[in-house]
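The listed protein sequences correspond, in order, to chains W and U.
The opening residue of the first sequence carries number 38 in our numbering; numbering runs sequentially from there.
The opening residue of the second sequence carries number 3 in our numbering; numbering runs sequentially from there.
It is possible that part of the hints are untrue.
Stated by the list, open to error - Straight-line alpha carbon distances no greater than 20 angstroms define the calculated PhoX-like cross-link-like pairs of lysine-lysine that follow:
(1) W/80 with W/185
(2) U/58 with U/12
(3) U/18 with U/70
(4) U/41 with W/198
(5) U/70 with U/41
(6) U/58 with W/198
(7) W/168 with W/198
(8) U/40 with U/70
(9) W/198 with U/40
Simulated from the structure, these hints should not be mistaken for laboratory data.
Because the structure is a prediction, the values reported are computed rather than measured.
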Amino acid sequence: MGNQFLIAEDEALKAFVQGMTVADEKSAAANGPTGTIKTRPVKVWFGYPDVEARAQEFPFVTIDLVDIVHANDRQQQGRIFDSDFMGTQQAETGYVYEYDLPVAFDIIYQITTHARHPRHDRAILFQMWNKFPAKYGKLPVSNQIDTKIGWRSMFVDGYVKRDTFEDSESGNRRLLRNVFTVRVVSEMTPAVAAQRTQLVDEIFINTPVENTSIPSGLTIV
Amino acid sequence: MTYDLRSRAKKSGWSKELVSSMQVAHQNDDINVVYPEKKEEELYDSEYGSMSEPHKAAIRPFSYNLDKYLTQIIDDTVIDAIITETRAFHG
Numbered sequence: 038m039g040n041q042f043l044i045a046e047d048e049a050l051k052a053f054v055q056g057m058t059v060a061d062e063k064s065a066a067a068n069g070p071t072g073t074i075k076t077r078p079v080k081v082w083f084g085y086p087d088v089e090a091r092a093q094e095f096p097f098v099t100i101d102l103v104d105i106v107h108a109n110d111r112q113q114q115g116r117i118f119d120s121d122f123m124g125t126q127q128a129e130t131g132y133v134y135e136y137d138l139p140v141a142f143d144i145i146y147q148i149t150t151h152a153r154h155p156r157h158d159r160a161i162l163f164q165m166w167n168k169f170p171a172k173y174g175k176l177p178v179s180n181q182i183d184t185k186i187g188w189r190s191m192f193v194d195g196y197v198k199r200d201t202f203e204d205s206e207s208g209n210r211r212l213l214r215n216v217f218t219v220r221v222v223s224e225m226t227p228a229v230a231a232q233r234t235q236l237v238d239e240i241f242i243n244t245p246v247e248n249t250s251i252p253s254g255l256t257i258v
Numbered sequence: 003m004t005y006d007l008r009s010r011a012k013k014s015g016w017s018k019e020l021v022s023s024m025q026v027a028h029q030n031d032d033i034n035v036v037y038p039e040k041k042e043e044e045l046y047d048s049e050y051g052s053m054s055e056p057h058k059a060a061i062r063p064f065s066y067n068l069d070k071y072l073t074q075i076i077d078d079t080v081i082d083a084i085i086t087e088t089r090a091f092h093g
């Protein structure tokens, strides 16, 4: 069973950003006799690595969720008919699902790249912008029953360079950072929305309380 | 809008001084967050995170929710126009 709204996008975005590599003198020194350039993978984390929980090996990339907003500009109203309940149920011959159009959301992520070495920084920048050509990108997200892939549009809504330089006073070392603000279009499927909706079945007003566990001396008010 | 931006920043944990230094201003159809230049570094560190601190985004969530203000402005403008028109033509 695949993941639902939000978790599915998280996983898909992490998989999308993964796969970048960097090369430097240290990796070149480890070259084999064939002269092939060895590279190091750029690890991807959700949130900044806690130094006590895991080693901080530069370079790395972090993904943070910034916001989830209703995409009012994309929201449509109406009824839809399909055979797999928008990828949440296995299709059965002769059965058709009818439901309201799902709720449109934009999920906003911050993708931050961290590097100590300028070459790593440039190599990561090059690969990141290749993942988002012309500020756009597409993210493959599998449906809940893992039968199909949907391609979600992504937009780079912002990019800032946040380099910090060596400071002998504070002891900080040089850190080259790039911050991308990425918007992923999404929808909350009707099955998920139904699960999240709490229905009130019965309301009791002024019903006498049959409670025998009241400590002596206390009066129910 | 300034109030909303500031309350978002406050909830995100921005310093009191930084929160009160920000304002939302517009010129024609251009809406901006204005702040003293000397606060830029601190503001960017709060918004995007720093070497050791994760982000405490406030300006971006504010900007992604701008449509609700614009809807309100448009609604108010349309209602004003309808009232003006009604008075002009129907007394």
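Hints violated by the structure (numbers, ascending)
1, 3, 5, 8
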